[in-house]
Amino acid sequence: MDKDLIALSPWGTGPLGLSPTERSRLTPSPFEPPGYPMTPTSSLRAQAIFMSPATLIAAGIVLPPLLFVFYTSVHGLALSPVSFSAVLTSTLFRQTLSTTLYIAGLSSLLSLFLGFVVALHLARQPARRRGFLMILVLLPFWTNVLVKTFAFMIILGRDGLINSLLSWIFQTKIELPLVLNLFGVLVGMTSYLVPLVVLPILASLLAIDRAIYRAAAIMGARPARIFWTVTIPMSLPGVFAGLLSAFVLSLGAFVIPALLGGPRDAMLSNLVDFYNREVLNWPMASAIGVLLLGMAFFFAAPLALWRRRKI
Amino acid sequence: MSDIIHDPQARRHRVVGTALAVTVYLFLLAPFLVTIPMAFGPANSLTFPPANYSFDLFRMFFRSPGWLNPLFESLKVAGAVMAVAMFAGAPAGYWIARHEFAGKGLLTGLIMSPLVVPTIVAALGLYFYFSYLRIDATTLSIVLGHLMVSLPYVIVMVLAGVNKLDRNLEFGAELMGAGPLRMFVTVVIPQLIPTLVSAALFAFLLSFDEVIISWFLAGPDTITLPVKMYTDLIFEVSPVIAAVSALLTAISLLVTIAAIVLRKGAPVDT
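Here the protein sequences line up with chains D and L, keeping their order. Heads up, the first sequence is in the working numbering, so the first residue is 248 and it goes up one at a time. Heads up, the second sequence is in the working numbering, so the first residue is 60 and it goes up one at a time.
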């Protein structure tokens with residue numbers, strides 16, 4: 248089928264004498280669908296029509312802000328690393344950095360665990376019911392983070408839902424500090440990240456060939472053993488993708504630590520906002536931004552490389 | 060799953076798995092189970108469950124210019140972002156999916172970078188850039204800022220949609236002499252309509268819900284609904300926020316259901 252297609256197509260052999268499939272194998276693209284080779288652009292005019300609006304946006308809106316941040320962080324053409332050394336030696340920055348890594352790591356692991364449970368459940372449902380249950384996962388994913396934050400303020404607050412429930416059960420006034428501290432941030436972050444983790448794991452689980460389960464069962468493996476030797480290893484690509492994307496996303500968390508955390512739970516984004524809005528020290532804000540950007544790219548790189556290799 | 064060998068433990072495992080999953084579903088839905096009843100609660104208290112039910116909070120919301128102006132600002136911005144992101148993203152997504160060209164990796168990398176760049180960095184950069192251009196605190200600046208983060212999502216969705224199309228139809232059109240543009244309009248777009256509609260809805264929602272970029276760019280006359288909500292949550296939590304939350308949830312629910320229904324025709328694999 249694939250070969251027929253190439254034989255039919257006017258682009259049967261590429262300019263380098265390689266067939267499009269061969270070429271696509273040599274230069275794999277992350278966006279290429281399996282089976283259909285890419286076409287080399289034949290008409291520059293058509294390409295200009297199709298690509299120019301997006302190119303204009305890339306050149307006019309996406310690139311300049313990033314350049315401005317770099318430019319400001321080194322004090323413009325002075326190219327001075329003063330702000331970077333000030334940032335790296337500041338206790339506030341170091342404390343915020345370790346808080347950020349701690350919260351991002353812990354909440355990604357928590358959401359990995361919860362997300363895996365949900366993905367496993369979804370993978371075992373018949374397609375129709377899965378469609379309905381997916382709404383329960385996708386709705387929180389697409390709901391404004393402020394709505395969730397507000398709800399957790401009500402649930403976890405001093406006179407909140409949980410404290411009133413506990414007070415009623417034990418018939419004494421209970422005021423557990425559940426919000427404006429690390430606990431509150433972790434609850435909010437986990438609720439925010441779980442749907443993000445579920446989707447790649449579910450894709451991995453659905454890709455497992457059912458015959459493997461059956462084979463394992465015929466060979467006498469108990470469900471627990473099948474789980475540890477088939478389900479877990481074969482879901483690792485999704486686990487890896489989900490964990491990394493959750494971690495990268497949570498590095499830049501802003502609203503949740505600001506509203507559900509206390510002063511000690513501020514994350515790097517909040518520090519950027521603080522330097523920009525309160526201190527009006529733009530080089531400092533930019534230097535922190537550059538470091539945050541570097542961290543995000545550092546942790547996103549394995550994900551991008553892995554996706555590229557998969558195809 | 061293991062239909063062949065009956066293991067007495069299998070059932071127990073499944074029950075535990077389902078119970079855990081239901082707990083997580085409840086955790087994910089808890090915000091809605093709390094805010095939606097509260098939205099119909101009394102106007103003077105923030106307790107759950109509400110003592111009595113009414114539409115007072117919605118009435119307060121729709122009568123207060125302090126909330127209505129941000130709502131209109133957000134609708135205006137999100138509508139504009141949706142239009143521009145679709146106009147730029149749909150053809151670009153198609154072209155990237157189907158063609159190889161010089162500088163493709165660099166250009167797509169740049170367009171897609173906001174998916175990885177922390178929003179706060181983008182927001183700070185946009186703030187510097189638009190102050191330099193002297194268009195800070197305008198509606199235009201917020202639209203452009205939201206466009207930066209919405210465009211990659213539109214392109215990713217269009218890419219996924221195009222990758223599911225049968226390419227033979229395009230080959231056919233091309234062999235019959237249709238140029239790229241004509242083929243796109245008459246062959247690709249009609250097949251892509253479900254994808255395009257859900258991409259447009261998500262572009263709208265992304266902009267309508269965006270907090271950080273708006274927080275950096277909004278001026279006194281261009282406060283968006285999320286910025287108004289954020290400032291309220293920082294300084295004084297008013298019960299009206301429950302009504303706003305219910306409205307925002309309703310919009311998200313509509314978009315999510317529309318996306319799932321529209322995907323039904325296509326094979327679900329992601």
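Worth flagging that the hints you see were computed from the coordinates, not collected in a lab. Source: prediction; values computed, not measured. Using N, Cα and C, we set each Cβ at its ideal position, and we do this for glycine too. One should not assume that every hint holds.
[Said to hold, decoys possible] From chain D, some residues computed to sit far from chain L (all C-beta separations above 12 Å):
id, residue
1, Thr-319
2, Ser-332
3, Ala-333
4, Phe-340
5, Gln-342
6, Gly-352
7, Leu-356
8, His-368
9, Phe-397
10, Ile-402
11, Gln-418
12, Phe-430
13, Val-486
14, Leu-507
[Stated by the list, open to error] If you want a taste of the chain D side facing chain L, the calculated C-beta under 10 Å gives, among others:
id, residue
15, Pro-300
16, Arg-341
17, Asn-391
18, Ser-438
19, Met-481
20, Leu-540
Hint numbers not upheld by this structure, sorted from lowest to highest: The structure conflicts with hints 1, 8, 9, 10, 14, 16 and 19, although it agrees with all the remaining ones.
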